[in-house]
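Hints in hand, dock the two standalone chains.
In case you want the letters, here they are:
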Amino acid sequence: MIQVSNLTKRYAGRTAVSDISFHVARGEIVGLLGPNGAGKSTTMRILSSYLPATSGTVRVAGFDVFYESVEVRRRIGFMPENNPLYPEMRVREYLKFRARLKGLGGRRSRERVTTVMEQCGLTDVSRRIIGQLSKGYRQRVGLADALVHEPELIILDEPTIGLDPHQIRSVRQLIKSLAGKHTVLISTHILPEAEMMCSRMVIMFGGKILAADTPENLQKLMQGSSQIVAEIAARATELNAAFSQLSDVEKFDVSASEGEFQRCALTPRDGCDLRPAVFALARERGWILRELTRSRHSLEDIYVQVTKPEEEN
Amino acid sequence: MQIFGTLLRRELAAFFLSITGYVIIASVTLLTSLSFVVLIAGVGTNSFTAPVTEMFYSTFFFWLIVLLVAPVITMRLFALEKSAGTFETLMTTQVGDLQVVAAKFAAAIIFYMVAWLPMLVCLLIVRHFTNQSGALDAGTVGGMYVGIFLTGCLFLALGCFASAISRSQMAAAMISFVLGVSFFSLGFLAKSIPVTAQWQTQALSYFSLFDQMDDFARGVVDTRTVIFYAGVTFFFLFLTLRVVESRRWK
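As given, the protein sequences belong to chains Z and F, one line each in that order.
Using our numbering, you'd call the opening residue of the first sequence number 1 and step up by one each time.
Using our numbering, you'd call the opening residue of the second sequence number 1 and step up by one each time.
It is worth saying that the hints were derived from the structure and are not from the lab.
Ideal Cβ positions, reconstructed from N, Cα and C, are used throughout, including at glycine.
Be aware that a few hints might be false.
[As the list claims (entries may be wrong)] These stretches of chain Z come out as covered by chain F in the derived footprint (C-beta under 8 Å, 3 or more residues):
hint	segment
1	41 to 52
2	70 to 84
3	95 to 101
[As the list claims (entries may be wrong)] No more than 27 Å apart at the CA atoms, straight line, and that leaves these computed lysine-lysine pairs for DSSO-like:
hint	chain 1	residue 1	chain 2	residue 2
4	Z	K96	Z	K176
5	Z	K135	Z	K176
6	F	K82	Z	K96
7	Z	K135	Z	K96
8	F	K191	Z	K135
9	Z	K96	Z	K181
[Unchecked claim] Chain Z residues, not near chain F, derived (Cβ > 10 Å throughout):
hint	residue
10	S5
11	R59
12	E111
13	G121
14	D124
15	G162
16	R169
17	K176
18	A212
19	N217
20	L239
21	S255
22	A256
23	E258
24	R269
25	L292
One chain only, chain F, in its complex shape (with noise of 0.2 Å):
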């Protein structure tokens, strides 16, 4: 437990203590406000019955944040460690891989959580012109919060697994992203096969991110969904942890 705290605060350190941390940060900032704007653009002509949160996933940034910035916060993790060769001095020491790869992944998923705290402030700034409690309550946000989160551990997750196989953070990153659009792009495909292959709608509904969101925008957390974002969230863990071994195999 020691070492994973060890690691965990060096991990966040990096983060926090580096350009590239508040860099994120502020692009995130920036393309919430910016989706904020077009929000608040629409709101102002049209009238619309929906809570905000759920109109915020509807302008379509949010999926953009999510698939670019998981990829640039995960593609450091491992393969700069590899290619700097610190990933030799880390790994010559007692620790082991299950908690490198958790000490990672846990402070990434933080560093990602942290970064979508300004959008708190776009929310409050709705409340105080509406006036309206009904407009923004504890449901909808923190169940947008939830989905926010169950999202980036898995888009986190794939990064690692990316990382986890390169040495460079360009091909990290790189891959990460084609994981990433490629999952994102398999929800819709279950709207385009026909109606009467049953199963296969069912079994690519799952993958509808999209729709998912929607239902976490409401304040409506769905068990399946988010048994499904947890084990693709492990699934790959469980491939980076391998990964990580794989060095050891004989």
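Bound-form chain Z, shown alone (with noise of 0.2 Å):
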């Protein structure tokens, strides 16, 4: 659907884009990811056609973005940062103009309108003026605004960026619904969102990709150092012994919790599950645990690492 090939943007002075590649699968929902001021935008403005690249070439549905500009803008529903409406429109009439520019005949924009609003449950505020509706519903009317032509590409800039979790929850469902149907691309500098709603992510940094996998495989890519903690109610020097003696422990750690319970964080060795080991030493010494888990890394930590400067690393 999308295929980005060593795209560059340069403004005056300053590099956005810088020689980036990726391509986007038809039904697929993918989060590009990362920092403010990381590249997203400006790769989704020229992804829209509304920007030129410096260069690279940019395929949407097959066609050239700045070659075949009007064929591109026809499959593709934008939603760009901070959601721009026209604040003295009602929501009714503002989804019609914007279902009749987009070029769709009477009846038809009548009826997608009316489908719309529903789904984006609009259906109360349809003739509420849209400079007088909270942020959450502006949100959505720019989301039925994307999704009035039903394009084959949904691109949204941000779409849940100011909303309260509330808000927040019911427009990553409603996302969530458009997968299969639509391809659909968002930007997001928040990991935990893109976590839940995207099948695909690409994290962006300083206008280059440093990463691009599931959600899944990226957690793995980490997994090798996620470390065991377990409380249990022994003598350090007792815990220390045993530990010392388990040969997947790469190092382990061992400080006072509460009465008499000792905390203990175990490293594997090379990417080996610690649990039903700790379980049975506990159970041979006859130990009480009270908790065993596998910190889980998460993107946050993906995230962190891959987009930390240089130097740091």
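Next up, the structure:
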């Protein structure tokens, strides 16, 4: 659906995107992830053929975004950053206007507007003036606008920014429900969001792509060093002695917790799971075990790791 | 065509469904009525042979209105969309650049003509009280509105260009005001340079909007003038189009 090859965008004196390549298959939900200023918005603007690329080619549904701009624009629904709308228009009127602008006929646009308003939960506010709506509703109007002409590709630039947790949840639900029927490209700098919605993530930093994979694979990448935490009621010396005999433990750390419990952090040697061994040990010695967890490396760690400036690595 | 119609409707709605639109109409009406009062006071004391429409232009109010109102009407067109970000949502649909420029200009000229309609009432009042059809015939009124339309096209095209090159409405209004006043002043230059400078006088006389409007008010529609106005209008609309396109230049 999207084919980006060696895309570079230079503004006067500044390179916003430098030589990136990625592709998105039909029906996928892909997250473009990165801190502010990573080049996400610029990439999306080029994809929606609002800005020209300095070099490289971008194809959407097989059409070049520069030379076949109209064909591309016909097939995309784009919601830019900050979701700009006409504040003086009414919700239904605005969506109708947008539908007509996107080439839908009179009857078809009426049908589609009704459908997307239901889909986005806007039916109650259809006669309200956009400028007087809450941010959550305005965001949904932007989403409804992106969906109204049933585009093949939906590009959403920071769709959940500035919403309260409730609204974020409903917007996420909505986006998830689009999978399969539409291809969706979302940009965000919030990790759990991408983790929840996307089938694949492209991590950008400083105009470059640092990693591109499924959330699970990105996690696996990090699992080699994932720790085990156990809380055991025993004397620290006994624990130290027992752990040093376990062959799979690379290093361990025992610290006092409340009461007679000790908090033990164990790092495995080569990505193996230490939990059964720790449980067996506790049973054998008759220790009371009250917690045994493997700290799952959240994407947060991956994100922090890959977006860390070079010198710190 | 559907897209042009949709855009035009939206632009007109932005004028007529906003307080700004009605402030503009009210201001134009106030100024025309004021000029009308000045005119009537003058007629009361002196005897005039010229048609009422012609006298109307001699009050300078007309130019004040055109020079002031055109920038106010056009400043919003592109600058507001750019600063609000809606330009991005607009230009990432399948609309063409030409359609956008044409629809915005058409909406501006329609609104501008509507703002001039209350003046007809002033003319009807004259007709009612003088009972002379000669004071006010269809030819002079028609000529006058053709004149208003053509000057409107010219100044609104300047305004569109000014709005397209800036992100701030204030800057757009200032640029278009300055362009308009400079254009207007060029005509007076013809009167002050020596007559020996043949072709210069000839060239500058085309810019003499004041004299041309006098002709229109007398009901004289000169083809040269019409071509001049249309030409300048198209030139500035063309520049506007290029500015809108320039975003996509590599």
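Hint check results:
1. Counting residues of the segment 41 to 52 of chain Z whose CB lies closer than 8 Å to any CB of chain F gives 6, which reaches the minimum of 3, so the coverage claim holds.
2. Here's how the segment 70 to 84 of chain Z fares: 10 of its residues keep a CB closer than 8 Å to some CB of chain F, so the rule of at least three is met and the hint holds.
3. Counting residues of the segment 95 to 101 of chain Z whose beta-carbon sits less than 8 Å from any beta-carbon of chain F gives 4, enough to reach three: the coverage restraint holds.
4. In summary, the hint linking K96 of chain Z to K176 of chain Z is supported, as the alpha carbons are separated by about 25 Å, within the 27 Å threshold.
5. The straight-line distance between the Cα atoms of K135 of chain Z and K176 of chain Z is roughly 20 Å, inside the 27 Å bound, and the hint therefore holds.
6. Annotation: proposed proximity of K82 of chain F to K96 of chain Z holds, straight-line Cα distance about 22 Å (limit 27 Å).
7. Annotation: proposed proximity of K135 of chain Z to K96 of chain Z holds, straight-line Cα distance about 20 Å (limit 27 Å).
8. Pair hint K191 of chain F plus K135 of chain Z does not hold up; C-alpha atoms about 60 Å apart against a cutoff of 27 Å.
9. This hinted pair checks out: K96 of chain Z and K181 of chain Z have alpha carbons roughly 22 Å apart, not beyond 27 Å.
10. Even its closest Cβ contact with chain F, about 17 Å, leaves S5 of chain Z beyond 10 Å, as expected for a residue assigned away from the interface.
11. Non-interface status of R59 of chain Z relative to chain F is upheld: no Cβ of that chain comes within 10 Å, the nearest being about 17 Å off.
12. Its beta-carbon lying about 17 Å from the closest one in chain F, E111 of chain Z satisfies the requirement of being farther than 10 Å from that chain.
13. Distance to chain F confirms G121 of chain Z as a non-interface residue, since its nearest Cβ pair spans about 21 Å, more than 10 Å.
14. Look at D124 of chain Z: its CB is around 23 Å from the nearest CB on chain F, clear of 10 Å, so calling it non-interface holds up.
15. A cut-off of 10 Å between C-beta atoms confirms that G162 of chain Z is not in contact with chain F; the least separation is 14 Å.
16. The claim that R169 of chain Z lies off the interface holds: its Cβ sits roughly 25 Å from the closest Cβ of chain F, which is beyond the 10 Å cut-off.
17. K176 of chain Z, annotated as away from the interface, keeps every beta carbon of chain F farther than 10 Å; the closest lies near 24 Å.
18. Consistency note on A212 of chain Z: stated as away from chain F, and its beta-carbon is indeed over 10 Å from all of that chain's, at 25 Å minimum.
19. Once the 10 Å rule is applied to beta carbons, N217 of chain Z is consistent with being away from chain F; the minimum gap is 32 Å.
20. Every CB of chain F is more than 10 Å from the CB of L239 of chain Z (nearest about 60 Å), matching its label as outside the interface.
21. For S255 of chain Z, the condition that its CB be more than 10 Å from all CB atoms of chain F holds, with the nearest at approximately 53 Å.
22. Distance check for A256 of chain Z against chain F: the nearest CB is about 56 Å away, which clears 10 Å, and the non-interface claim stands.
23. Remark: the non-interface label on E258 of chain Z is consistent with the geometry, its nearest Cβ contact in chain F lying 54 Å away (cut-off 10 Å).
24. The Cβ of R269 of chain Z sits about 53 Å from the closest Cβ of chain F, beyond the 10 Å cut-off, so the non-interface label holds.
25. Every C-beta of chain F lies more than 10 Å from that of L292 of chain Z, the closest at about 52 Å, which supports listing it as non-interface.
Hint 8 alone, counting from the list given before, is not met by this structure.
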